[in-house]
Amino acid sequence: MNAEERQDFVRNHRTAVFGYQRKANGPAMSIVYYVMDGDDILVSTMAARGKAGAVRRDSKVSLCVLDEQWPPTYVVVYCDATVETEETAAVDLMMRIAGVMAGNPMPESVRPMVAESARREDRVVLRLKPYATFYTPPRHVNSPADLPTLTHETSASIPW
Amino acid sequence: MIPDEHRKFLEEHRLCVVGFNRKSGPPALSPVYYYVDGDEIVFSTQATRGKAKQAERLGEVTLCVLEEQLPFAYLTVYGTVRVDHEGAVDTMMRAAGAMTGSEIPEAARPGFEQRAKEENRVALRVTPTGFFSTRTVAPKAG
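Sequence lines, in order, name chains A and Z.
Per numbering that gives the first Met the number 0, the very first residue in the first sequence carries number 0; after that it's consecutive.
Per numbering that gives the first Met the number 0, the very first residue in the second sequence carries number 0; after that it's consecutive.
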């Protein structure tokens, strides 16, 4: 995949493993839904959660964007992240995220309920600005007969 | 010891995203097929690849074990990791078995031995030290 194809992959999917370094031990990793805002990736979380605290401490985060196919294809996106606390933005993002989770936009009639949830959960927006991507093609064995033709490729990070 | 509730999830699945801290910047993440061997989670990589180098350097790793259908339930496993230079072929065969969904016949071993040699394969063996899981639930439209 070239840079443009990697960007398209990110734009055309909705789930990722979100990773950030912890103060000690291996990285924290969790699954998130995301939406795009121009070239930025937006993730909803709670202000008190680990992701928000981690971004305030260290802006560098990784997303392993997954397709929903089998065998899976993925693109890793390295990002600089910030926390945005404006309430309207948090509600707008929750509406959009709920829409991508459901596969259809949320109707405006549910906005008051979403806004109440955003207040109760103290929701914030994580804004991720991608600066590099990493990709390797999926390798899969369906039977031993696939072994001789199994591809083997290496890759490297390229700028977003 | 892997608690029974987590062992069940680990043994019922086969794909995880492996995360290593890098010297600078955010973590390196990549999906792999794994299997459970006693109290270790095992996967194959190449000795020259980032995962093996980071395992040697850091000794710590995180795995995010995935369901294969949305909404993805997942189990995050924190652990220590060691590089096993001896078990590369067995690990390739068992990981391939996880990929195909059935055990790889012994007749295929020479092909795996050749590939393990060509690719300088090693096994990474993870001993879990902690777990984290939540179940994601997708809302219904409208």
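Where hints are given, some of them may not hold.
Here are the computed distance ranges between Cβ atoms for each label pair [what the hints assert, rightly or not]:
{"#": "1", "chain 1": "Z", "residue 1": "LYS116", "chain 2": "A", "residue 2": "GLU86", "range": "32 to 38 angstroms"}
{"#": "2", "chain 1": "A", "residue 1": "TYR130", "chain 2": "Z", "residue 2": "PRO70", "range": "42 to 48 angstroms"}
{"#": "3", "chain 1": "A", "residue 1": "ALA23", "chain 2": "Z", "residue 2": "GLU112", "range": "36 to 42 angstroms"}
{"#": "4", "chain 1": "A", "residue 1": "SER156", "chain 2": "Z", "residue 2": "THR128", "range": "28 to 34 angstroms"}
{"#": "5", "chain 1": "A", "residue 1": "GLY102", "chain 2": "Z", "residue 2": "ASN119", "range": "23 to 29 angstroms"}
Derived from the structure by calculation, the hints contain no laboratory data.
Keep in mind that this is a model prediction, so the values were computed, not measured.
For glycine and all other residues, C-beta sits at the position ideal for the given N, C-alpha and C.
Evaluated hints:
| no. | hint | in the structure |
| --- | --- | --- |
| 1 | Z:LYS116 x A:GLU86: 32 to 38 angstroms | 60 angstroms, violated |
| 2 | A:TYR130 x Z:PRO70: 42 to 48 angstroms | 29 angstroms, violated |
| 3 | A:ALA23 x Z:GLU112: 36 to 42 angstroms | 39 angstroms, holds |
| 4 | A:SER156 x Z:THR128: 28 to 34 angstroms | 29 angstroms, holds |
| 5 | A:GLY102 x Z:ASN119: 23 to 29 angstroms | 44 angstroms, violated |
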